[in-house]
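Since the structure of chain A is provided, determine the placement of chains B and C on it from the hints.
Protein chains in written order, with our numbering: chain A, 1 to 326; chain B, 1 to 188; chain C, 1 to 667.
These are computed hints drawn from the structure, not numbers from a lab. A couple of the hints might just be wrong.
[Said to hold, decoys possible] Which chain B residues face chain A? A few, computed with CB under 7 Å, are given here:
id, residue
1, P46
2, G49
3, P51
4, G72
5, S73
6, A102
7, A105
8, D106
9, F126
10, V145
11, A150
12, G162
13, D176
Because the structure is a prediction, the values reported are computed rather than measured. Heads up, the beta-carbon is just placed ideally off N, CA and C, and yes, glycines get one too.
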Amino acid sequence: MNRGNAGRRRTLSSWPAWTLVIVAAFLLVVVGGSRDRGPLSQQERIEQIGRRIACPTCAGESISVSRATAALSIRSEIARQVIDGQRSDDEIVGYIVSRFGGEVLLVPRASGVDALVWALPVAVAVLLVAGLAFAFVRWRRQPGAPGAAPRVPRWVTVSVVGAVVVVASASGWWVARESGQRLPGQTLSGGIADSTATLLSQARALGAGDVTAAIELYGRVLEIDPDNVEAITYRAWLVSLSARNFERALRMQAYQAAVAAFGRAIELDPTYADAICFLGIIVYRDGDDAPSALEFLDRCLASAPPAEVRTLVTSLRDEVAAAVGE
Amino acid sequence: MTSTEGSATRVTRRRLGAVGAALVFVALAVWVLASAGRDDATARSPLLGQPAPAVVTTTTDSASFDLARRKGSWVVLNFFNSTCVPCIAEHPALVSFVGREALRADGAEFYSVINDDSDTAVEDFFARRGGDWPRLRDDDGAIAVAFGVAKVPETWVIDPNGFVRLRILGAVNEGDLESRLDVLRGEQ
Amino acid sequence: MFAAGLTSPLGRGLLLVGFIAAFFGTFAAAVGARRSDERTLRLVPRFAVVAVACAVGAFAVMEYAMITRDFSLAYVQQVGSTATPALYNFAAVWSALEGSILMWLLILAGYVAGAGWWMRRKMTDPLVGWAMAIMFATLAFFFLLSFGPANPFALGAPGVTDGPGPNPLLQNHILVMFHPPILYLGYVGMTVPFAFALAALIVGRVGDGWLATTRRWTLSAWGFLTFGIALGGWWSYEVLGWSGVWAWDPVENASLLPWITGTAYLHSVMVQERRGILRVWNVSLLVATFSLTILGTFLTRSGVLNSVHAFSESDIGGWLLAMFAVIVVVSVVLVFLRADALRANGPIESPLSREGAFLVNNVLFAVFAFVVLLGTVFPLIVEVLQSRQIVVGEPFFDRLSVPIGLVMLFLMAVAPVLPWRRSGAAVVSTRLAIPAWCGVASLVLALVLGAAGWAPMLAFGLGGFSIATTIRHLALAVRTQRARGFVGRANGGMIVHLGVIFICIALAASNGFTRSQEFDLVLNRPVEFAGHSFELVDIYESRDSRSISVRAAVKVDGGRAYEPAITRFTNVGMNVGTPSVRSTITHDIYLTVEPPVRPTSGTARIKVFIKPLIMWLWIGTFVMAAGTALAAFPSRRRDANAVRDSIVDLESDDERTDRGAVAAADR
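Same shape as in the complex, but just chain A (with noise of 0.2 Å):
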């Protein structure tokens, strides 16, 4: 019945139903929205990670898209990243970054010039959208009646005008700030090895320019990982470096630390050719020992060491030869 038809739309349309419907759907999409998806699996984690890092070959292409190598290699060490559970994700893309320069960040960042492409859609949205409300504002004022005057006082068109703007670049860079990559500072968390590795540099850099300086920063590195072999020796033969100007006893003192914390360090790493060098060094050196320095310095050698402790054993190795020898 066409009666019962306009009955139950005037019923639905009513002001009851619409609050009703409105509030309804309102409170669905909050439910919704803030319902939590559940954990990603691991290797959901890595796709999403990958796809904020393009691939630094295709140029475009993200490395959850691309097939190209270094696309793979990235995502395994991203993977391998994930698994080791230690970083976050901004950490994990900002340690790609890092390393592959900001080139392959797929998400425009938050800040300087690459903002720009988050603030100026939304500024020309905005005041778009501004255009078009005063555009009907201007119709409604006078039906019909193109090209007359606008009666509106000139402060309150620019006071509007201004509003707008600062809408649209705030809107524009709180978007920006939202979406945005912000990556990690310089300093990175995780990993002994990243940490102990600039130090390990540093004191090699000052090396024998500034002993104590370079000793204090071996130290660092074994308050950290105490088992560091390259600190372990390297503190060690700058220690009995300096001792050289001590008095006998604290020589002796220095050289049985020595001497010890390179046994450690070849305990630790058999491999490791300086400790082994340095050893029959001051074995010859200090400990007067010239068969046993002579046989460490052969091992040494063999051992394929750094140029740097080569040329130091080499040009002494034929003087303890030779002291052997007599």
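Frame of chain A, contents of chains B and C only:
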């Protein structure tokens, strides 16, 4: 009350202004699009001047290798692949470089890092083209990622203190590596 | 059968003759139109015939060379191969730059000839003359490109007997036969309405006659473009193996941009027909659509940006950029010269009217086009300004297009019930009541099925809301007009909307709720994931003349085996992964196999993606295609006054009610 003539000139001026603005915009667009092109790859890297990343792997002879243990020597890492054309082209230059460094007491140590290739192909490559320095395995490309190497060949130079000093993208020219290493040694 | 040595001169000769024909055709049409010289104008179709014959001939020569593996040509050396199967070899012609320009030329010549034939009786009209002149000018440009910088008939190095074939990604799936030609039919088709728009400006007849004339051209070009873009998405899904349909790749964006402005035009033009306003805007949209096709080709073919489609680079960039600049400058100047005649200042009574909705729609699409254009071009801008490379990728586009999509859904829901010329405040609450409850019902359904997250929930709710409105319109139309309730602009348009809504819902579901996991499957040991079981039953190798494939057969739920593969194309040394998909109406199970995989090892690393509602993307595409076809179908008998015809097309049941109400109120 504005005369019709006045409003007409105003309209014409406004129109001309708009046309002018459009032309300026088009000119700008054309300038941007025309001048942007792929540069030659510059050898920048966030790693320059930083301690070298950890490299712990094995050689093709199954000996172990740890970059950190090589402190005390200049180390040159060359990322390559047996099929890439520039790698093949630069190989003689590398052979002569390694030969020269072998004569010096403080000679640089040279290692090739295999990028997405099999051991057999690499051994074959070296058997045919000469060169007898250690080849490092890089399964999964972890070393390449650590250095940010996307395309081969790439050559990296690390100083005796363990800091990354030089990155060369693409094939190395004859004598190029020697002269650049000499410059770095001079600075040391 | 002629000697191989003749291919190149024959092809180039045909291109040269075609260029001359197009060149003289331009002048004939322009001079004839300017002087209203009927005799000259009547000659114009002849030039079109010659030009299209040359274009077809050149394309045929190219295909002949490709099929007979004539390696004297550099292009065949580049993309031809003795090992490529016949079908892919045929398609290899458009697999790289020169051949695709040749295809563009062929399609454009076809359109020009088609326009010439369709307008043959009106050829003496200066408007048509100028339109033909502009079309011939564009054709001449492309003939010149094909003769010069993008020469497909250049001779290659002597003594070559085989080639690498097209990119292995293009030898994998039959879609390569359809996607580029259909996309080009859309792309290139935009030339015709553009030419008529400029002609109208030149001649000064800026009323709506030319609009009505070209309406079906624009609609069919748009339809092909839509279908072509969707086929590209399907190709990406079936071939590329990353389980996605759209990567916001620069080439994809280049094809999307004209689609966005084209869609905006198709909607905005309805306001112009009813109220005579927005003429400058609509002409600008048409100009933008066409110039974006040229700009898009520049961006993807000049090597300025790289992408999956970047198969070659050449110096064609400068030419295309110059063409783009010329088009924009000429159009802008013309619009400003005719600004007085174009400008019409009708007020729009209320934002809650149909016109108001279309205006909001214009703003929405303008913002969308700006987002896509800025994102695509931004790396170039930064490179020029700061000399550093950046990439703008998926995350940017996804993030910004989601709110746009949601507003679009809302508009699709509300706009069809709004009346013309007056505020819909009174009727909106009645007409939208049931659809609103449908929206709530779809929200409940979504919640029950496990949806979460703001954007997906809003998408599902608005999707249900807009489907209900659309079906309401169609139901009313069918009730009053029976079968004719499905044809005509308004009804066909509603069916297209239905397809769009399906696609939006499918995208919301698949982008947000894809589950994936990687398994190291061991032979005959099933694993469970997401309610399905996967069992590796076989790993085997298959070879053919150009490739070695390793396939892993995986039984899903104990049923048939799906076989993702990794194929190594031996002569190029490239690995291509091929996925295997089980599609159902609710979700797809997408399987890929990861390298390395060996038949002897007994294990394979299989990646499983569970992608909800993907099938609805393709259903939506076909609904859109059907709707476009139905919209082009005339709903009344062809009238002499096409403008009145198109206004009557628009009328829906609602509007008749509105008209009646207004008439009643006037009484």
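Query raised in the report: Would the hint on A105(B) stand, with a C-beta cut-off of 7 Å toward chain A?
Result: With a minimum Cβ separation of about 5 Å from chain A (threshold 7 Å), the hint on A105(B) holds.
Query - Hint validity - G49(B) Cβ closer than 7 Å to any chain A Cβ - result: Violated - the Cβ of G49(B) stays beyond 7 Å from chain A, reaching only about 10 Å at its closest.
Query raised in the report: Can we keep the V145(B) interface hint, with Cβ of chain A closer than 7 Å?
Result: OK, holds: V145(B) within 7 Å of chain A, min 4 Å.
Query raised in the report: Holds or violated: G162(B) as interface residue toward chain A, Cβ cutoff 7 Å?
Result: Holds, about 4 Å.
Query - Hint check: 7 Å Cβ-Cβ cutoff, P51(B) to chain A - result: holds, 4 Å
Query raised in the report: Against chain A, is D176(B) within 7 Å by beta-carbon distance?
Result: The hint is violated - D176(B) has no Cβ within 7 Å of chain A, the shortest such distance being about 22 Å.
**Report entry** Cut-off 7 Å, beta-carbon criterion: hint that A102(B) touches chain A
**Finding:** violated, 11 Å
Query raised in the report: Taking the least C-beta to C-beta distance, is D106(B) closer than 7 Å to chain A?
Result: holds, 5 Å
**Report entry** Restraint outcome when P46(B) is required to lie within 7 Å of chain A by C-beta distance
**Finding:** Since chain A brings a Cβ to about 5 Å from P46(B), closer than 7 Å, the hint holds.
Query raised in the report: Holds or violated: S73(B) as interface residue toward chain A, Cβ cutoff 7 Å?
Result: Interface hint status for S73(B): holds (4 Å vs cutoff 7 Å).
Report task. Report holds or violated for the interface hint on A150(B), using the least CB-CB distance to chain A and a cut-off of 7 Å. Result -> holds, 3 Å
Requested in this report: Could you check if F126(B) really has its C-beta closer than 7 Å to a C-beta on chain A?
Outcome: The hint is violated - F126(B) has no Cβ within 7 Å of chain A, the shortest such distance being about 19 Å.
Violation of the numbered hints given earlier is confined to hints 2, 6, 9, 13; the remaining hints are satisfied by the structure.
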